[in-house]
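Knowing the structure of chain A, use the given hints to seat chain B on it.
From first to last, the protein sequence lines stand for chains A and B.
Residue 31 in our numbering sits at position 31 of the first sequence; the count goes up by one each step and never skips.
Residue 64 in our numbering sits at position 64 of the second sequence; the count goes up by one each step and never skips.
If you're looking for bench data, these hints aren't it; they were derived computationally from the structure.
There's no promise every hint is true.
[What the hints assert, rightly or not] Listed next, the stretches of chain A that the computed footprint assigns to chain B, with coverage defined by at least 3 CB atoms under 8 Å from CB atoms of chain B:
hint, region
1, 63-73
2, 121-128
3, 223-234
4, 243-255
5, 272-281
6, 320-328
Think of the CB as a built atom: it goes at the ideal place given N, C-alpha and C, for glycine as much as any other residue.
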Amino acid sequence: MARSSALLSLAALLTSATAAPAPAPSAADLLRDAMSAPQRISYVAEVQVLRFGTQRSDATLYRVEHRAPDMTRRWYLAPQGLYGDSIVTRGSMTYSVDVKRQQVVVSPDEDADQQIAARGNLSILMANYNVVYAPDESIDGRGVHVVLLNNKYTGQTTMRLHIDAATHLVLERQQYGSNGSPIAQTLIEQIRYTNAIPIAVFAIPAGMHQVSGAARGPESTDVAHVISSAGFPALVPKYLPEGFSPIAGDVVSIKGVPTLHLIYSDGIRTVSLFQNEKDAAVDLSHYRAIATTVADHPARYVEEGPTTLLAWADGSRHFALVGELSLAELEKIGASVLP
Amino acid sequence: MTSHPSQEQFIDYLHGELAPGEDAALALHLEGCTSCRESYQDEVRLSEALGSYARASERELPPGVRASIWSAIESAQREPSWTQRLAGWLRPAVAIPVAAALVIAAFAGYGSTLHHGSPTIDAAYYLDDHAALTSAVPFNEGTIVPTALFTTENADGAQ
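The following block holds chain A by itself, in its conformation from the complex (with noise of 0.2 Å):
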C-alpha cells in the first residue's frame, strides 16, 4: 500500500512537472531570438503601422505573406493612394510594385543589409536600455511575453514590445517619445503561421516596364574613415544625448553635391546629420517648413509623423538633422555642430 502510494506520488509529481509551463528565457536571450524568428518562421498576417506626430499622424495598412528565410510580399491596402500596389522582397532584391504605373522598380533590399547590422547594434541597445518583463499578455488567442525597454539614463520605456511566446516573432511594438507619448506601433493582426505559402507568391508580375531603383551608397560603420573620405573638412556634434553613439556614415554624391550622412544611435532611436560645403540647401519648399534657429543661425523644420527634419545654414555649408528625438534635442546637437 505504502508503495503504491509512493508510486503515485511519483507519478503526480512527474505530471506536474510535464503540465508546467517552459520557463521564460532570458529578456537579452528572447531579444536576440526575436530579432532573427523571422528568418526560421513563415507566416501570413495583416500589418499596421501607425505613425504619431505632434499635429498629425499617418496609418499604413498592409498584407503580408513571409516565407522564411528571406521572401516577402507585403501587399499595400492603405493609405488609397497605394491600394494594390507592393513590395516582394526575394533574397538580397527588393521589388516594387507599382500597379497605377505599370513598372517594377528593382533594388538592392536594404533592409536585409540593415538586418545584420541590426544584430551588431543589439548591443548597444543592452548598453543602454535595461531589459524588463512585464506581465503575459495574449494577442489573438496567443500567449506572448511582454518586453519593456527602459532607458538607463532617463528611466522611461522607449520601447515595448509583445512577442509571441511559441514562436518569438514581435507581435506587436510600441515605441514611446521622450515625454512618453507614442510615437509609432506597428501591430501584426489575424496572424496564421504555415509552411504551406506557394512560390509563385513572390513571383513578379509580367508585362510591367521593369527600371532600377536608385541605389544608395554602402554604409560603413567605420565612421572615422567615411569622415575622412568626406572631401571636405566635416564637422561633427560635440553633443549627443546620453548613450548615443556614430555607428555608420556614407558620402553620396546628390545632384554632384558629396553629402557626408552619420548616424548616430543608443541601440532604438537613431538620428541622422547630413552636411555639404556646396552651398546646397535643404528644399523645403514641399513641405510646411516652421522657422526656428540653431545657436542663432536662422533654421527651419518640419515634421513627418514622430520624425523631424531640421535644416540649417553656415555659411556655404548646409546641414540637416533627422530624427525621431525632440525639436529641443534636435537644436540642441545641431548646435554643437556649428565651429
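This is chain B only, laid out in the frame that chain A set:
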C-alpha cells in the same frame, strides 16, 4: 518690318517701351507671324509669372531693400551689355520687376530654389535615407513604404 523682331524688341513691346512707329510695325508683324506670336506669348507668360511671384511674395521689405533694388538697376545700367540678350533683360521696364523679384526671393529666403544658383536637395531624400537606415537598429520598422511607390498622388505627407 521685314525681319523677325529680336527678343529685346519683344520685351520692349510688351512693356510699351518701343517708339510709336516701331511699336506699330511689330504689332503688324505679330499679326502675320505664328512663330513670333509664340515667342511673344512666351515673354508674356514669363513676365506674368515674375509679376505673380512678386505679388505673392509681397511683404514689408526691410530697410534698405528698396535702395538696393535701385542700386542694382543703376549699376546694371552703367555696365556695358556683354550680350544682347542680357542687355534686353537689363532694360528698366524689365529690370525693375526682375530685380524686385530676385531681391524679394532672396529675402523670402532660405529653402528657395533660387538659392544662389546652387542645387537644392529635396528634404524627402534626407527623410527617406534616414528611414531606410532605421532598420539598422534592432526592432525598428525600417522602410514602411519605399520611395519608388510614392508618386505625387501618394505623397500625402508632402504638403
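So, going through the hints one by one against the coordinates:
1. Only residues whose beta carbon comes within less than 8 Å of a beta carbon in chain B count, and the region 63-73 of chain A has 0; fewer than three means the coverage is violated.
2. Under the rule that three or more residues need a Cβ within less than 8 Å of chain B, the assignment of the region 121-128 of chain A holds, with 3 such residues.
3. Counting residues of the region 223-234 of chain A whose beta carbon lies closer than 8 Å to any beta carbon of chain B gives 0, which falls below the threshold of three, so the coverage claim is violated.
4. For the region 243-255 of chain A, the stated coverage by chain B is satisfied: 4 residues place a CB nearer than 8 Å to a CB of that chain, which reaches the threshold of 3.
5. A stretch counts as covered by a chain when three or more of its residues have a beta carbon under 8 Å from one of that chain; for the region 272-281 of chain A and chain B the count is 7, and the coverage holds.
6. Taking a C-beta to C-beta cut-off of 8 Å, the region 320-328 of chain A contributes 3 residues in contact with chain B, enough for the three needed, and the coverage statement holds.
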